[in-house]
Amino acid sequence: MDLSPLLLSVKVAVISTAIVFVLGVFLAHLFAKRQFFGKSIFESLFLLPLVLPPTVVGFGLLILLGKKGWIGSWLLETFDIQIVFTWTAAVIASVVVSFPLMYQSAAAAFDSLDNKLGDAARTMGASEWRVFRTITFPLAWPGLLAGLVLSFARGLGEFGATLMLAGYIPGKTDTIPMAIYFAVEAGKMEKATFWVVIITALGFSTILWLNWWSKRNLRRFASEKR
Amino acid sequence: MLDVAIRKQLDHFELDVSFQAHDEIIVLAGSSGAGKTTILQAIAGLAEPDSGTITLNEKRFFDGKKNSLPARSRNIGYLFQEYALFPHMTVERNIHYGIHKQKTVATGFIIEQLLTVLGISHLLNKYPHQISGGEKQRVALARALAAEPDLLLLDEPLSALDEETREECQDELLRLHELWKIPFLIVTHSRSEAEKLGDRVLHLKKGLIVNESRGTMKEIPVH
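Chains A and B, in that order, give the protein sequences.
Everything in the first sequence is counted per numbering that gives the first Met the number 0, starting at 0 for the first residue and increasing by one.
Everything in the second sequence is counted per numbering that gives the first Met the number 0, starting at 0 for the first residue and increasing by one.
If you want the ones that stay clear, here's a sample from chain B, every Cβ over 12 Å from chain A, calculated:
(1) Arg6
(2) Asp15
(3) Gly32
(4) Asp49
(5) Glu57
(6) Arg59
(7) Glu91
(8) Ile109
(9) Asp161
(10) Asp170
(11) Arg174
(12) Leu175
(13) Trp179
(14) Lys195
(15) His202
Pairs of lysine to aspartate or glutamate residues, derived as DMTMM-like cross-links and limited to a Cα-Cα distance of at most 20 Å, are as follows:
(16) B:Lys180 <-> B:Glu23
(17) A:Lys115 <-> B:Glu155
(18) A:Lys115 <-> B:Glu134
(19) A:Lys115 <-> B:Glu81
Because the hints were derived from the structure by calculation, they are not lab data.
In this text, all values refer to a predicted model and were calculated from it rather than measured experimentally.
Just so it is clear, CB atoms sit at the ideal spot from N, CA and C, and this is done for glycine as well.
Go ahead and model the full structure; you've got the sequences and the hints to work with.
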């Protein structure tokens with residue numbers, strides 16, 4: 000059995016989760032507890048991939064990144080870089096569909112923090128970066144971790160947008176969901192079943208671990224929460 | 000010396016106060032919503048007044064222009080209502096948070112003294128949720144003073160405590176003030192507390208100082 004779909008899926012999910020984590024935490028922190036004109040529009044845009052069919056997301060990405068797309072044609076002409084039908088395309092598709100989960104979790108985590116804690120740190124001479132590093136981030140961590148794990152699971156299972164942007168090229172863009180779909184189409188039910196079991200086990204253990212971890216760690220701050 | 004003269008539009012009235020404080024205990028008294036906490040926040044740099052000036056020992060915190068001194072550079076101790084102890088840090092790390100990296104012998108001595116006076120040495124390894132309300136209050140006081148501030152602001156420091164603990168803590172505050180000799184600015188809505196703690200009591204109503212009295216019951220406990 001060729002295990003490359005497993006390795007590729009994990010590679011794509013890990014890289015996309017890393018990107019989504021940095022981006023989601025940065026934007027959620029930037030937007031947290033600030034009110035400005037257009038905030039709701041930005042936030043709706045961020046969450047849009049959550050409600051759109053993945054094919055629509057894939058279509059949008061093709062328009063942008065396809066060989067004749069706005070960014071895609073420029074990349075191709077200037078740097079001779081092609082994104083569609085590569086594993087990079089799978090990463091981009093994963094980033095876009097899992098970003099809303101990270102953003103939501105991070106925004107909720109930052110919003111629930113007590114402002115006074117940051118203020119207390121500031122009066123004790125802490126810079127904004129130190130406040131973030133020593134107060135905001137560690138206290139928001141349970142929420143951030145939930146977003147991280149959900150994004151990872153979502154990235155692992157991404158199919159629709161990936162199919163449209165990365166296509167199915169065995170050994171190159173065949174993530175597990177892709178392998179399942181094309182195995183069924185080719186009538187290879189055993190192969191499909193194998194991958195179904197693998198991805199279900201992966202997803203289940205991820206969520207199980209998250210639940211276990213958050214129960215254990217939330218108890219530590221429980222009595223301090225208001 | 001602290002010199003405050005500020006105006007700030009709040010939801011239902013305009014805050015307009017001016018007062019000075021030497022190395023004494025000034026109590027800002029008044030019912031909730033009179034603008035007491037806003038005054039503390041403006042002095043600490045956590046809220047910006049609309050106009051006016053705030054200076055502490057010749058250091059200009061705010062002069063009505065945009066570039067006011069940020070909270071982190073003001074060297075002020077602030078005891079928050081409900082204390083705002085960092086829940087994920089031990090008492091020891093809470094107290095050391097505001098101390099600069101190059102710890103001197105003097106700093107070590109000051110912390111030792113604080114721990115002794117406040118009787119919290121045995122709590123150093125505990126987390127805030129593992130200690131009582133009175134202990135939290137003492138830890139928060141130690142934390143605010145450990146960075147050797149030039150001014151201490153206290154927002155309803157005793158309101159979360161039961162009667163007996165409150166009296167103990169009032170005595171401790173008076174004793175610490177004797178040792179520290181910096182201006183203490185205490186916000187309270189309790190008349191008896193204002194009279195017991197304050198050298199001067201400023202009575203606030205809808206953003207204005209309507210009356211100033213001297214604390215009548217103040218006596219420093221001997222220990």
